[in-house]
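Residue numbers (our numbering), protein chains in the order written: chain Z, 1 to 317; chain L, 318 to 565.
Just so you know, the hints here were simulated from the structure itself, not pulled from any lab data.
Keep in mind that a hint or two might mislead.
Covered stretches of chain L, as calculated for chain Z (at least 3 residues, CB under 8 Å) [unchecked claim]:
#1 342-349
#2 372-384
#3 405-413
#4 443-449
#5 551-558
Some, not all, of what chain L presents toward chain Z, calculated at C-beta under 8 Å [unchecked claim]:
#6 T467
#7 Q468
#8 K485
#9 H523
#10 Q526
Since the model is a prediction, treat every value here as computed from it, not as a measurement.
Idealized CB from N, CA, C, for every residue including glycine.
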Amino acid sequence: MQRSSIVFWLGAAIFLVAMLLMTQFIRNEYPFFAGYVILQYVVLSVAWTILGGYAGYVNFGTNAFFGVGVYTAVLLAQAFSAPLSIQILVAAVMGALLGLGVGLLTLRMRGIFFSIATIAVAIVIETAVTNWRYVGGAAGIQLQRPPVTEPFDSYVKMLFFVQAVLVVVAIVVARFIQNSRMGRGLHALRDDELAAECTGVPTLRLKLMACVISGALMSAGGAPAAMYLQFANPDSAFNLNYSVSVLAMSLIGGTANWIGPVLGAVLLASTQQFLTVTISSEVNVLVLGVMLVLFVVAAPKGIVGLVSRFAGKGKHA
Amino acid sequence: MTGSAPEAPLLRIDTLTKTFGGFVALDHINVEIRKGERFGLIGPNGSGKTTLVNCISGALRPNKGAVTFAGENITPLPANQRSHRGIARSFQIPRPFRSMTVLENLMVALDFATHGHLFETASHRRDAAMSILTRIGLAPKAQSATTSLTQVELRKMELARAMATGPKLLISDEAMAGLSTSEVDEVLDLLLSLGGEDIAIIMIEHIMQAVMRFSERVMCLDAGKVIAIGPPSEVMANPRVQEAYLGT
Numbered sequence: 001m002q003r004s005s006i007v008f009w010l011g012a013a014i015f016l017v018a019m020l021l022m023t024q025f026i027r028n029e030y031p032f033f034a035g036y037v038i039l040q041y042v043v044l045s046v047a048w049t050i051l052g053g054y055a056g057y058v059n060f061g062t063n064a065f066f067g068v069g070v071y072t073a074v075l076l077a078q079a080f081s082a083p084l085s086i087q088i089l090v091a092a093v094m095g096a097l098l099g100l101g102v103g104l105l106t107l108r109m110r111g112i113f114f115s116i117a118t119i120a121v122a123i124v125i126e127t128a129v130t131n132w133r134y135v136g137g138a139a140g141i142q143l144q145r146p147p148v149t150e151p152f153d154s155y156v157k158m159l160f161f162v163q164a165v166l167v168v169v170a171i172v173v174a175r176f177i178q179n180s181r182m183g184r185g186l187h188a189l190r191d192d193e194l195a196a197e198c199t200g201v202p203t204l205r206l207k208l209m210a211c212v213i214s215g216a217l218m219s220a221g222g223a224p225a226a227m228y229l230q231f232a233n234p235d236s237a238f239n240l241n242y243s244v245s246v247l248a249m250s251l252i253g254g255t256a257n258w259i260g261p262v263l264g265a266v267l268l269a270s271t272q273q274f275l276t277v278t279i280s281s282e283v284n285v286l287v288l289g290v291m292l293v294l295f296v297v298a299a300p301k302g303i304v305g306l307v308s309r310f311a312g313k314g315k316h317a
Numbered sequence: 318m319t320g321s322a323p324e325a326p327l328l329r330i331d332t333l334t335k336t337f338g339g340f341v342a343l344d345h346i347n348v349e350i351r352k353g354e355r356f357g358l359i360g361p362n363g364s365g366k367t368t369l370v371n372c373i374s375g376a377l378r379p380n381k382g383a384v385t386f387a388g389e390n391i392t393p394l395p396a397n398q399r400s401h402r403g404i405a406r407s408f409q410i411p412r413p414f415r416s417m418t419v420l421e422n423l424m425v426a427l428d429f430a431t432h433g434h435l436f437e438t439a440s441h442r443r444d445a446a447m448s449i450l451t452r453i454g455l456a457p458k459a460q461s462a463t464t465s466l467t468q469v470e471l472r473k474m475e476l477a478r479a480m481a482t483g484p485k486l487l488i489s490d491e492a493m494a495g496l497s498t499s500e501v502d503e504v505l506d507l508l509l510s511l512g513g514e515d516i517a518i519i520m521i522e523h524i525m526q527a528v529m530r531f532s533e534r535v536m537c538l539d540a541g542k543v544i545a546i547g548p549p550s551e552v553m554a555n556p557r558v559q560e561a562y563l564g565t
């Protein structure tokens with residue numbers, strides 16, 4: 001194993017242990033309540049980057065994948081009282097299927113046309129769920145949390161840890177893709193799709209794979225939100241805010257590398273949590289917009305780009 | 318290679334027709350290219366040269382007709398599968414993978430090539446890429462960003478990347494456009510050295526002395542039709558070719 005790999009796996013293990021210890025020793029629930037949201041955005045942003053960053057296909061339908069995750073969990077909880085792990089796994093499968101469907105329908109489109117199509121998909125799914133009585137329809141649905149599993153003493157703490165595990169899973173997947181042939185193929189097609197095709201890169205297949213993997217991770221990241229809020233309604237589960245936030249986090253962090261979305265999500269989601277508490281939940285949207293504009297103008301390659309520019313001539317992080 | 322039958326052509330183009338709306342870009346083109354042949358493709362601007370290349374490489378689908386490569390009908394195949402079967406090309410305006418170094422550009426080709434089993438590990442592929450770069454004369458630039466390359470280096474990089482796919486047919490689409498006289502000779506020598514028993518080359522070019530020196534056969538297109546095909550001197554002497562070029 002290379003040294004960077006050892007450092008990576010060690011870091012992942014330390015992160016999980018630290019998160020677990022936090023749930024055991026910190027009494028106050030609020031840090032976990034806020035931390036859950038931050039971790040959720042890390043999962044979504046890292047997942048988004050697999051298609052939006054590596055392949056350069058800007059997906060505006062994050063809310064569709066998130067909402068499908070939430071409602072898969074709702075449906076399973078309603079119909080079978082399924083445990084959380086099953087909810088997340090099935091949500092991942094549903095997200096993958098949605099990714100495949102969206103990919104087949106839209107990945108032949110390029111640039112802005114692809115992005116618009118993904119918005120349309122989100123609206124279609126939201127409308128379908130809004131008119132589906134069994135999962136609550138437009139009014140939404142209340143959910144009962146099952147008893148919490150050992151060693152956790154509260155459900156929110158458990159969800160926090162589960163989301164931390166999903167963070168590690170998302171990063172491991174994104175890092176693996178980045179370092180694989182698939183990653184190089186995605187980068188090639190982002191730079192020039194025709195040249196990539198003519199160089200032997202199966203562009204459609206790679207884009208579909210990226211869309212499926214990205215979708216599975218996003219839906220998995222959304223699934224615990226049902227139990228987190230103990231409530232789900234189409235308006236919030238399919239809120240366009242998810243798409244905008246995740247896009248902003250990934251772009252601000254930098255999309256060529258899995259570290260970018262992690263940094264962007266931690267930075268922005270923390271700021272948002274802070275602002276929501278101290279000022280108001282409306283202001284955080286404003287701050288998001290301002291930061292996005294600043295970064296697009298001043299640092300188009302995001303935080304990662306800034307760091308590697310200042311760290312000498314590091315061309316590639 | 319049975320003694321009696323003539324050797325099957327590497328590439329056969331059959332009544333190939335491509336229209337854009339009402340505009341006929343290629344009009345029933347028929348041509349065969351031998352294994353290892355050096356083939357020049359000329360014609361005035363807008364005569365359909367690049368469209369023909371796009372139909373061969375898979376960037377465009379023809380409306381009618383068929384492209385047969387090494388005995389297989391490849392008309393329905395996407396470009397990446399044609400690349401795997403041995404068709405490589407460069408572009409009229411260079412299209413490097415801009416976020417990558419020169420070496421990484423070649424690695425893309427080697428990573429996805431079907432002859433990749435020869436280079437199982439990444440370090441094998443890296444060695445293969447370096448040896449191609451050495452052959453092309455770009456080895457010192459291996460770690461450079463493609464954005465830092467000069468025009469002639471970009472042209473060479475595209476040829477190197479095409480070579481990395483392991484082609485049987487290399488299509489060079491105006492690889493010498495915009496180069497100085499000495500650079501034209503440099504690229505021409507390179508193309509002559511790349512061709513050979515195994516690799517047929519289709520060279521699209523406006524620079525006549527290059528076409529004359531390079532080609533075993535030349536085909537001239539005008540308004541989507543073949544107006545002359547044969548040995549270079551014969552085609553140049555053809556009054557219709559002269560008319561198409563000089564516009565008299």
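Hints versus structure:
no.: 1; hint: 342-349; verdict: violated (count 0)
no.: 2; hint: 372-384; verdict: holds (count 3)
no.: 3; hint: 405-413; verdict: holds (count 5)
no.: 4; hint: 443-449; verdict: violated (count 0)
no.: 5; hint: 551-558; verdict: violated (count 0)
no.: 6; hint: T467; verdict: 19 Å, violated
no.: 7; hint: Q468; verdict: 17 Å, violated
no.: 8; hint: K485; verdict: 13 Å, violated
no.: 9; hint: H523; verdict: 22 Å, violated
no.: 10; hint: Q526; verdict: 28 Å, violated
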